[in-house]
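Trainee: Each chain, letter by letter, is given below.
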Amino acid sequence: KNQVEQSPQSLIILEGKNCTLQCNYTVSPFSNLRWYKQDTGRGPVSLTIMTFSENTKSNGRYTATLDADTKQSSLHITASQLSDSASYICVVSDRGSTLGRLYFGRGTQLTVWP
Amino acid sequence: EADIYQTPRYLVIGTGKKITLECSQTMGHDKMYWYQQDPGMELHLIHYSYGVNSTEKGDLSSESTVSRIRTEHFPLTLESARPSHTSQYLCASSHGGANQPQHFGDGTRLSIL
Numbered sequence: 032k033n034q035v036e037q038s039p040q041s042l043i044i045l046e047g048k049n050c051t052l053q054c055n056y057t058v059s060p061f062s063n064l065r066w067y068k069q070d071t072g073r074g075p076v077s078l079t080i081m082t083f084s085e086n087t088k089s090n091g092r093y094t095a096t097l098d099a100d101t102k103q104s105s106l107h108i109t110a111s112q113l114s115d116s117a118s119y120i121c122v123v124s125d126r127g128s129t130l131g132r133l134y135f136g137r138g139t140q141l142t143v144w145p
Numbered sequence: 146e147a148d149i150y151q152t153p154r155y156l157v158i159g160t161g162k163k164i165t166l167e168c169s170q171t172m173g174h175d176k177m178y179w180y181q182q183d184p185g186m187e188l189h190l191i192h193y194s195y196g197v198n199s200t201e202k203g204d205l206s207s208e209s210t211v212s213r214i215r216t217e218h219f220p221l222t223l224e225s226a227r228p229s230h231t232s233q234y235l236c237a238s239s240h241g242g243a244n245q246p247q248h249f250g251d252g253t254r255l256s257i258l
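Chains A and B supply the protein sequences, listed in that same order.
Note that the working numbering has the first sequence beginning at 32, numbered continuously upward.
Note that the working numbering has the second sequence beginning at 146, numbered continuously upward.
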């Protein structure tokens, strides 16, 4: 069964600290892996998209890594800010259809305290 | 900032009413999607469209229906709302191609009494 599992479920860190969020998946065949940020009451916003051949991609203070062999990804946030408080969702796309079916994780709820 | 809009943002309505949730995008995207999201849970695809006059059901069974008469507009309709329809509904759009990001609206939070 194709699945996307994220850990931890929730995380609290102090402003200015770094953190790493994890994503493990069993989706096959693999097309790409996406990280989204979803603020409370808003829609998800794309942070990064990585294909099979990419093992790291950055977007400002966000750096995503991908190990397609072990089917693991991480999202590293550097020098956290209060505005980083949000749910971070890992999404994996397969190549099984024209649509590229997306498998969503349940997200990691990050809270940044001052 | 993506140009995709959903209205209303919040809706509280009684059982049995007909509801239409609006979604419009100004990016010229061919593909549009409707997702359902409950608190703490993953997004579930309920409808999608490849383009005008194209609509397909998603992975999660839904009693709602959709239409795609214009590229920019993808409304979702519930003919007779029930409490089980209470949820957040998110609309998204994307260009063609497997590696294109989906751009999401801010959702409609629907509560059926």
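Fair warning: there could be bad hints in the mix.
[As the list claims (entries may be wrong)] Facing chain A, a subset of chain B residues (Cβ under 7 Å, in silico):
#, residue
1, Leu156
2, Gly159
3, Pro184
4, Glu187
5, Leu235
6, Gly241
7, Gly250
Keep in mind that the hints were calculated from the coordinates and are not lab data.
Just so you know, these numbers come straight off a predicted model, no measurement behind them.
Don't be surprised by glycine CBs; every beta carbon is placed ideally from N, CA and C.
Trainee: Once the shortest beta carbon distance from Leu156/B to chain A is found, is it less than 7 Å?
Mentor: violated, 14 Å
Trainee: Does Gly250/B hold up as a contact with chain A if the rule is Cβ-Cβ below 7 Å?
Mentor: With a minimum Cβ separation of about 5 Å from chain A (threshold 7 Å), the hint on Gly250/B holds.
Trainee: Against chain A, run the beta carbon of Glu187/B and see if the smallest gap drops under 7 Å.
Mentor: holds, 4 Å
Trainee: Would you check whether Gly159/B satisfies its interface hint, that is, whether its CB is within less than 7 Å of any CB in chain A?
Mentor: violated, 24 Å
Trainee: Any CB of chain A closer than 7 Å to the CB of Leu235/B?
Mentor: With Cβ-Cβ at 5 Å, under 7 Å, it holds.
Trainee: Against chain A, with CB atoms and a cut of 7 Å, does the hint on Gly241/B hold up?
Mentor: violated, 9 Å
Trainee: Against chain A, is Pro184/B within 7 Å by beta-carbon distance?
Mentor: With a minimum Cβ separation of about 10 Å from chain A (threshold 7 Å), the hint on Pro184/B is violated.
The structure fails hints 1, 2, 3 and 6 (numbered hints given earlier, in ascending order).
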